[in-house]
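Protein chains: 2
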Amino acid sequence: MPLNISWVESANTPDTDFPLNNLPYGAFVSDAGEPHCGVAIGDMILDVTALEADGVLAVPEEEEVFFFGDWSEFMTLGPEIWTGFRDALTELLSEAYADPQGLTGYMVPQVGTQMLMPFTVSEFTDFYASKNHASNVGTMFRGPENALPPNWLSMPIGYNGRASSVVVSGTDVRRPWGQLKSPDAELPVFAPCKRFDIELEMGAIVGQPSEGPVTVAEADDMIFGYVLLNDWSARDIQAWEYQPLGPFQSKATATTISPWIVPKAALEEFRVDTPNRERPLLEHLTEPGPMLYDIALEVGMAPEGKSETVIARTNYREMYYSSAQQLAHHSTSGCPMRVGDLLGSGTISGPEKDQRGALLEITWGGKEPITLDTGETRSFIEDGDTLTLRGAAIGDGYRVGFGACVGTVLPALDDPYKR
Amino acid sequence: MPLNISWVESANTPDTDFPLNNLPYGAFVSDAGEPHCGVAIGDMILDVTALEADGVLAVPEEEEVFFFGDWSEFMTLGPEIWTGFRDALTELLSEAYADPQGLTGYMVPQVGTQMLMPFTVSEFTDFYASKNHASNVGTMFRGPENALPPNWLSMPIGYNGRASSVVVSGTDVRRPWGQLKSPDAELPVFAPCKRFDIELEMGAIVGQPSEGPVTVAEADDMIFGYVLLNDWSARDIQAWEYQPLGPFQSKATATTISPWIVPKAALEEFRVDTPNRERPLLEHLTEPGPMLYDIALEVGMAPEGKSETVIARTNYREMYYSSAQQLAHHSTSGCPMRVGDLLGSGTISGPEKDQRGALLEITWGGKEPITLDTGETRSFIEDGDTLTLRGAAIGDGYRVGFGACVGTVLPALDDPYKR
Numbered sequence: 001m002p003l004n005i006s007w008v009e010s011a012n013t014p015d016t017d018f019p020l021n022n023l024p025y026g027a028f029v030s031d032a033g034e035p036h037c038g039v040a041i042g043d044m045i046l047d048v049t050a051l052e053a054d055g056v057l058a059v060p061e062e063e064e065v066f067f068f069g070d071w072s073e074f075m076t077l078g079p080e081i082w083t084g085f086r087d088a089l090t091e092l093l094s095e096a097y098a099d100p101q102g103l104t105g106y107m108v109p110q111v112g113t114q115m116l117m118p119f120t121v122s123e124f125t126d127f128y129a130s131k132n133h134a135s136n137v138g139t140m141f142r143g144p145e146n147a148l149p150p151n152w153l154s155m156p157i158g159y160n161g162r163a164s165s166v167v168v169s170g171t172d173v174r175r176p177w178g179q180l181k182s183p184d185a186e187l188p189v190f191a192p193c194k195r196f197d198i199e200l201e202m203g204a205i206v207g208q209p210s211e212g213p214v215t216v217a218e219a220d221d222m223i224f225g226y227v228l229l230n231d232w233s234a235r236d237i238q239a240w241e242y243q244p245l246g247p248f249q250s251k252a253t254a255t256t257i258s259p260w261i262v263p264k265a266a267l268e269e270f271r272v273d274t275p276n277r278e279r280p281l282l283e284h285l286t287e288p289g290p291m292l293y294d295i296a297l298e299v300g301m302a303p304e305g306k307s308e309t310v311i312a313r314t315n316y317r318e319m320y321y322s323s324a325q326q327l328a329h330h331s332t333s334g335c336p337m338r339v340g341d342l343l344g345s346g347t348i349s350g351p352e353k354d355q356r357g358a359l360l361e362i363t364w365g366g367k368e369p370i371t372l373d374t375g376e377t378r379s380f381i382e383d384g385d386t387l388t389l390r391g392a393a394i395g396d397g398y399r400v401g402f403g404a405c406v407g408t409v410l411p412a413l414d415d416p417y418k419r
Numbered sequence: 001m002p003l004n005i006s007w008v009e010s011a012n013t014p015d016t017d018f019p020l021n022n023l024p025y026g027a028f029v030s031d032a033g034e035p036h037c038g039v040a041i042g043d044m045i046l047d048v049t050a051l052e053a054d055g056v057l058a059v060p061e062e063e064e065v066f067f068f069g070d071w072s073e074f075m076t077l078g079p080e081i082w083t084g085f086r087d088a089l090t091e092l093l094s095e096a097y098a099d100p101q102g103l104t105g106y107m108v109p110q111v112g113t114q115m116l117m118p119f120t121v122s123e124f125t126d127f128y129a130s131k132n133h134a135s136n137v138g139t140m141f142r143g144p145e146n147a148l149p150p151n152w153l154s155m156p157i158g159y160n161g162r163a164s165s166v167v168v169s170g171t172d173v174r175r176p177w178g179q180l181k182s183p184d185a186e187l188p189v190f191a192p193c194k195r196f197d198i199e200l201e202m203g204a205i206v207g208q209p210s211e212g213p214v215t216v217a218e219a220d221d222m223i224f225g226y227v228l229l230n231d232w233s234a235r236d237i238q239a240w241e242y243q244p245l246g247p248f249q250s251k252a253t254a255t256t257i258s259p260w261i262v263p264k265a266a267l268e269e270f271r272v273d274t275p276n277r278e279r280p281l282l283e284h285l286t287e288p289g290p291m292l293y294d295i296a297l298e299v300g301m302a303p304e305g306k307s308e309t310v311i312a313r314t315n316y317r318e319m320y321y322s323s324a325q326q327l328a329h330h331s332t333s334g335c336p337m338r339v340g341d342l343l344g345s346g347t348i349s350g351p352e353k354d355q356r357g358a359l360l361e362i363t364w365g366g367k368e369p370i371t372l373d374t375g376e377t378r379s380f381i382e383d384g385d386t387l388t389l390r391g392a393a394i395g396d397g398y399r400v401g402f403g404a405c406v407g408t409v410l411p412a413l414d415d416p417y418k419r
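Here the protein sequences come in this chain order: R and A.
Residues in the first sequence are numbered consecutively from 1, following full-length UniProt numbering.
Residues in the second sequence are numbered consecutively from 1, following full-length UniProt numbering.
Hints listed in this document are in silico derivations from the structure and should not be mistaken for laboratory results.
Since no wrong hints were added, every one of them can be taken at face value.
Identical copies carry no separate label here, and so any pair may be met within one copy or between two of them.
Okay, derived cross-link-like pairs now, SDA-like style, lysine to any residue, Cα gap no bigger than 20 angstroms in a straight line: (1) Lys-194 x Trp-240; (2) Lys-181 x Asn-151; (3) Lys-418 x Glu-211.
This one's a predicted model, so the numbers in the text were calculated from it and none came from an experiment.
Produce the entire structure from the sequences given, and follow the hints as far as they go.
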């Protein structure tokens, strides 16, 4: 598919994340200070809430779908509406549109506009589905013989995370306190986390509900779109707490998502297969077609006031399980899935050291610190560091991107109980 | 505190769960088929939504608090409103009230009335905080040397569950399918669960939000009330999936709560201390006073069409950690807590075999089946079995109860993917 030309000229440059082929969904603070729904095009945001209010572009037979500045209501309307609305947006923004001047009043520059959570997270589930990541972490936590748990090749291992802690890109993240126990200590202490980390992930957003188990094909149909996702992780809290029931407070400080939800439709042409199965999957988890996407990903790290170093480059196609498989597995027990459920892919790591999606892996548990371009070294995140995830599917002369997924780590409070 | 006498005579009998001292909150289907908020008194329900609509009893300066038949909006108003409203209800229903005839039109019999979820569950967290239970399960899963994980005496171990699967008492529960791997098999199969179980728990409902870490005293102030909670568990699915990230689909089929939320205020006089600490707790988890409650609990099991056998009797005071401690721990990382968060205590087991809150423990993993009064034996739940939790704090001549927390297990679907 070639670049689709828009009358918004900044959308036609090869380096924008937001050509007409993309049209991702976000939420922003309007001039009047209200949350509005918007669509990114080049370096602008098209104000969808204002378009609906003025009757320029509305979902047929629906009112106030975008009134609250949240895409959840739109998601509930289902795939036919998603397609129809995207087609209408494409027409409005295409080069051939007759009245571009009529739309300029609905355009807001991205620069200087505050972004908001684009949807209401119902529940957040995080998976562990990149084989390189699972093998690396397993080796560190349990030794090379037990690196991959016995169930790993049979199901996408996941755990329920905390929806209340999901925040949009640009939100500062406060270093947490927690129980830490060093290997040589007999008892834990309550202290600020010393091993604060990122996890480079993709997030799939469930846009349609289910009651009973769904097939992988049905699960794929339920997915509305994808975001970049950084699951901030307190590795020292995690090591002490995670047995036997899994990570809990180590993952509950914050999870940052990109400001833009890329619709599944914009990613269709970038579909790729999951890798060959090392153990045949049970039938209910087999895929009817390619369910991963070729999305180039990178992580940048910038100490306070200094320039950024890219510390990892990988690709979403490195996953062993797709989001559709994860959603199918999630439903096997009859677990009701709801509009707004967010499924983190799990940390995405390639086979090489500089393709790993977490500092835990890059620095091998802190034993092999990295040196940034500024000359500083890092084992884990230090106060003031800004971490940025970027991702895009690369087309012929254009890219379908997510915008930056950014967070700066603030120092821990001196006394977290002081009011 | 003596029995508080009501003009509703059925509330003054010693065997009702709902004397005037209780006044628990529920939701029910009105004659017009709408969800209404109600308060249990004796064998009746006082229709709070209708009282508000008619201006007989309203929260001062608020409108439509009960309009949607859900107590979540009331919870957001905070402890002062909770107290004021409870006082007003107590006055309306007390023996001294001047116009009882005026209220009879707002009374609905409990018998024959369909109950609904009394609040919107924001997120569900389940803990593992009874020492007898953790020791029993740990012994079965990991051997007696590793029964209690090293962290267990330092923090209330918990994991995030699935809010979408929480249902109200009376909802049938469909036996799930899942991945099962028998110890002697090399690979798993996808099949109906063979080891379906209950977990006898109490649930604490968070009624006020928090942003940063909260103390145990602050956590206690945030709790709105308590329910009985049955966390249905698929033990065979759990055994295969739970390493390394904890239970997932094994706990996602359903969690049943009692129809009535007993306000914290109704339980005040039944407060008891947690047991002596076997390892001193870190300061942020120490309790400023008694945070458990003396609540007698029991589990009944009835095969289809047969009478019930009580298979376990225990008490909420058997917990090692209180809900206030669990909530405080939950907030340590800065995890935002929200109105409507539901915290399961974890299975409550006493030291004796007939005091255990799960069949897994009662039958020791199925190796020691129990015999019911009907002569049948059970290792785990069979299709058609009805499981009922009951609980009450026992006062002098009255009981403060929760109503029955009931679920009947339906057979697994022949083909869960057939539509």
